[in-house]
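Protein chains in written order, with our numbering: chain A, 1 to 161; chain B, 1 to 288; chain C, 1 to 785.
Be a bit skeptical, because a hint or two may be false.
These stretches of chain A come out as covered by chain C in the derived footprint (C-beta under 8 angstroms, 3 or more residues) [claimed, not checked]:
id : segment
1  : 40 to 48
2  : 72 to 79
3  : 129 to 136
Which chain A residues face chain C? A few, computed with CB under 7 angstroms, are given here [as the list claims (entries may be wrong)]:
id : residue
4  : G13
5  : L100
6  : C105
7  : G141
These stretches of chain B come out as covered by chain C in the derived footprint (C-beta under 8 angstroms, 3 or more residues) [unchecked claim]:
id : segment
8  : 85 to 95
9  : 178 to 191
The hints are simulated quantities; they were obtained by calculation from the structure and are not laboratory data. A quick note: this is a predicted structure, and the numbers were derived from the prediction, not measured. Think of the CB as a built atom: it goes at the ideal place given N, C-alpha and C, for glycine as much as any other residue.
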Amino acid sequence: MSDSRRIALAVNGVQHEAETPVREHLADFLRGTLGLTGTHLGCEHGVCGACTVLVDGRAVRACLMLAVQADGCAVTTIEGLGTDEALHPLQAAFCAHHGLQCGFCTPGMLTTLAEFLQVHPDPTEEDVRVAISGNLCRCTGYDSIVAATMEAARAMRGAGA
Amino acid sequence: MKAAPFAYHDPRNVEEVLHLLATLENPRLLAGGQSLMPMLNMRVAFPDHVIDLNRVEGLDGVTERDGALRIGAMTRQRDVEEHPLVRARLPVMAEALSFVGHWQTRNRGTVGGSLCNLDPSAELVAVAAALDAVLEVRGPAGARDLSIHAFPEGFMTPALAPEEMVTAIRFPFWPAGHGHCFTEFARRHGDYAIVSAAALLMVEGGRVTRASLTLGGVAAGPMRLREAEAALLGAVPSEEVLRGAAARCQEIEAMSDPQAPAWYRRRLATTLVRRALETALARAGGAA
Amino acid sequence: MTAVPPAASAQRLVGRDVPRVEDAALIRGRGRFVDDIAPPGLLHAAFLRSPHAHAAIARIDTAAARALPGVQAVLTLADLAPHLTDTRLVVALPSPAYRMELHRPVLAQSEVVHVGEAVAVVIANSRHLAEDAAALVEVDYDPLPPVGDCVAALAPGAPPAHRGAPSNLAAEMVLEHGAVDAAFSAAPHRFSEQLSIHRGGSHSMECRGVVARHDALEDRLTVWISTQTPHAAHRLLCDLLGLENRALRVITPDVGGGFGPKLISYPEEVVIALAARLLGRPVKWIEDRGEHFVATTQERDQVWDVELATDGEGRILGVRGALVHDHGAWTARGVNIPQGAVSAMPLAYVVPAYRMAIRAAVTNKVPTTPVRGAGQPQGVFAMERLLDQAARTLGIDRAEIRRRNLVPGDRMPYATPLKTRGGMQVVLDSGDYPRCMQMALDAAGWAGFPGRQHAARASGRHLGIGVANYVEGTGRGPFEHVSVHIEPSGRIVVATGAAAMGQSTHTMLAQLVAEQLGGDMARVHVIAGDTAAAPMGIGGSNSRQAVLAGSSAHVAALRVREKVLHIASTLLEAAEGDLEIEGDAVRVKGVPEMKVTLAAVARAVAGTPGFAIPGGRGPGLAASEEVVIDAMAYANGTAVAEVEVDAETGDARVLALTFSHDCGNALHPRIVDGQLMGGIAHGIGNALFEHMRFDEEAQPTSTTLADYLLVTATEMPPVRILHMHSPTPLNPLGIKGVGEAGVIPVPAAVASAIEDALSPFGVHVTKVPLSPVDIVALIDPAAAG
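Sequences are here, hints too, so could you generate the full structure?
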């Protein structure tokens, strides 16, 4: 039985093919093999949420998925959230509201909220707090993140109207 | 915090899974990964083989069958929580799922995975007991049904032979108009429950005609409060009667650890059962 | 330095919520944290750590580990010692209080004294392989009796935490002023408290990490460390590795939070730097969360036995007592936590006589060093508990008793009888503490609360309110280095010994410098935490960098500005007073075509052989400053917490948190608020959630983030922050530090509120954190048995 496998997956819209050790988790694959270091490791036991990415549109803890499980999937990381020309409304709102300080938890916050706002475009503040209750931040105390999310939701509703 | 080496298998159908379970030394089944992956990363689990169930056909989906909801073992918790049939016919399960972990956990975590993990605090295990769930088990000898009440063999140990797996779970419906409540006490939103309580009530003609009371977090397996249920049957569900049912929790044997000693779990159980009953009653039709 | 800061309206950047320069990269996931650094040929390290709290090491056998394919080296202290000038990290702050020398080793060799102490390091092609090999290292341990409790450690006959040590007394000291025993003898009222105060760890989202790489071409070792103090790390590594300054470069990359424990130097840094040299290949070690629990320093337990003496009106006549502090197994910093606690205790109030005796106990646990707040929350907790008891007993409103004792605003600057650890007198420079407290009380509805509480009780709900004041020494000196340089390209480069850990250091410095040099922050490039760019520095701790680095940046920028205007006036043949710096150029006010770019000015004074330098001020457009400020600037604030306690489950929920504070002028209001909010969240954690638990064998039982509870978005109450501004005369900006403020009064305010909520049960709160089980045990001691 081999230690590694070849996998093929789309990451931020780009097709990748690479060899990965079967025991390597998705976060390490994205960071190490693909060099996408925006996804961060805070705990590797599924609590802090810093490693959150979107797999087939759903926010998952990348430290709790094996890379081989992502074969054939479409993954979106923080690097794929906005474009060089335009930030995602969440990113713009985070900057405007001081929703990040050290920036370590931020990618996981953003990917989680990106899916959340797609599914719940008109949340209450309490809904937002519940949505990010699985994302730890030691810097901000969360208020600015919630305010940024409410603003981004407004902007996205306005744009989508 | 990196996993120790293991061989990886991704079978495509149940027969392959069963074959692997029967022939491999020291295998573990990987479902949603929300419980097993932390154990692998922390090197507290050392399987030689990981059998990934995520590509096995026919293990997910929610269907109605013979007065029960049949949920494939690999159905994601998020999909169950949002399923219209669950919301309409098994609202206690939807309510329980809102307490399970966080957004990301439920996106990957599965119903079967949580049940087979049998964490004493797991909400799904408690609610399965509340609903008298039946697990569909497959093994080399064929298929069998196993009641949830016979499922916990010991601490985090299901009554499954090493070559068996759970493929689906059936949750019998309660009639329309039943009252339900799942509640728990946890330190933070999404944390495992220290104690949880599930209450289901049928009230007809002003009397309780059916009751299900379940505690999670007090023992290795969920605890159905049969005596309290029996005491409720036929009774007018007054505040005194509900308190009396809840008070039976003072007598239970409860687990103990430094963070939540047995006396505290008993106290929580009493409080939560009373609150669950009050809410279930308020939601029941025919309460007058 | 008593210069008055420029009027707010004259400033276009300072004092405003300008966009953060850090955000552009971080928001896109383009930060560069230590684990993002991967030089070619990188090897990965994993440490083998002691599973015992206390044991002798009889034998270490690395043969099986070394034989594993992919393993490059397995190193113990025996392998490293020949290449080190010392096998210990001698990093303790000076103090006459020490009774034992406890300098921790680079790797443990014959004895381990805490779970998590590093014994060997494996260097392999991947972290996975390194961990596989670490599991194959054989160590023969002979367990020794572990010392787990700091009070028991000091009891006669307690086993020594270090084999052969005469005792477990790491340090002792007494801080006192006035005739405190006489004050107590004469006092009509005396109150005492026995308190148990626990704080946990840092748990920055990013754990620690080191990458070391020797560049043969430059003959220089570069070490990236997720640290708050790169220059201190540089000094230590040069010392231990026998390197001259130029041969080592320490770089602080983006740091995902520090909160204190990253300010000290660790054995892993020495090991990885040396390993890279020995192996001739870059080596990386990233701490995982499990290691953070056992190898990164923490604050932990203090046991206080304190008394308050008052007159009949509740006015303080004296405070005295003793505290035992859990020092941990080694001196990784000093006695500054208990010293800071005792210094903070009386600070907000007029305390005529004071004596606190400190004993720091060695235990078989990871060393304790400051975590955000650095002992001040403990001192404030003790003082506020005593005042609450006095208020209750004397029948005085808890806010009123504080009003009677707070240092009044009209007595500023107030020379206290206290001294800092450096021996300087503590002078409270500015502030109006009673007015600040009143702001918070009014906003929180203190006066009307009894009515709300009464109504809630009638419907079976237990609401409570609590208040706590603090005064905090900030801006710990003596200096921070900042240089400002306008390059011939016109680019403005700022280099500093300050280090960033998320608190917006780059923005702060860019703001201050751009304010003087053209108003465009995009043209200012800040280099922080690089020992090659700044020749000296102290780094981040004690809420110091805005004060010290900010002052140096401001003064250096002013000097460069002054020279720019002088040179430009020569080049433009205009009076200096008619010139302004706008964007990338100096121009005549009102005549925008008459201008010269900063680049041109820089080139004009770069020097050409044989030609005089225009302006007669010498070459270059640069200034380097280390503004020395020895006195601390004292910030203050008040927290008012409203809580609801579920008497059946013991659940305590903070319903509202009002926080009034004064940190002098605000350089960037939103950043100030962000610092306060983060501290408040941490304070709520310390009050209700964060508990670093050990068993009786000093084995940690909090080992994952599922055990150790950090506050999430759903546990945060609505927070209202109110500001006062009492600019300090101690620095040209009039600012005080704010990084730790939020955490300091919150545990005390929450404890006070819980006690208030449960007053029908006669509950007396004497410890933090309070879990629901603790609260039920207070309400119903019989149930708890």
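Right, here's what the structure says about each hint:
1. 40 to 48: This one holds; 8 residues, not fewer than the three required, reach chain C with a Cβ under 8 angstroms.
2. 72 to 79: holds (count 3)
3. 129 to 136: holds (count 7)
4. G13: With Cβ-Cβ at 15 angstroms, over 7 angstroms, it is violated.
5. L100: Where the cut-off is 7 angstroms and the nearest Cβ of chain C is about 6 angstroms from L100 (chain A), the hint holds.
6. C105: C105 (chain A) check passes; min Cβ-Cβ to chain C is 5 angstroms, inside 7 angstroms.
7. G141: Holds: closest Cβ of chain C sits about 3 angstroms from G141 (chain A), inside 7 angstroms.
8. 85 to 95: violated (count 0)
9. 178 to 191: holds (count 6)
Hint compliance for this structure: hints 4 and 8 are broken, all remaining hints hold.
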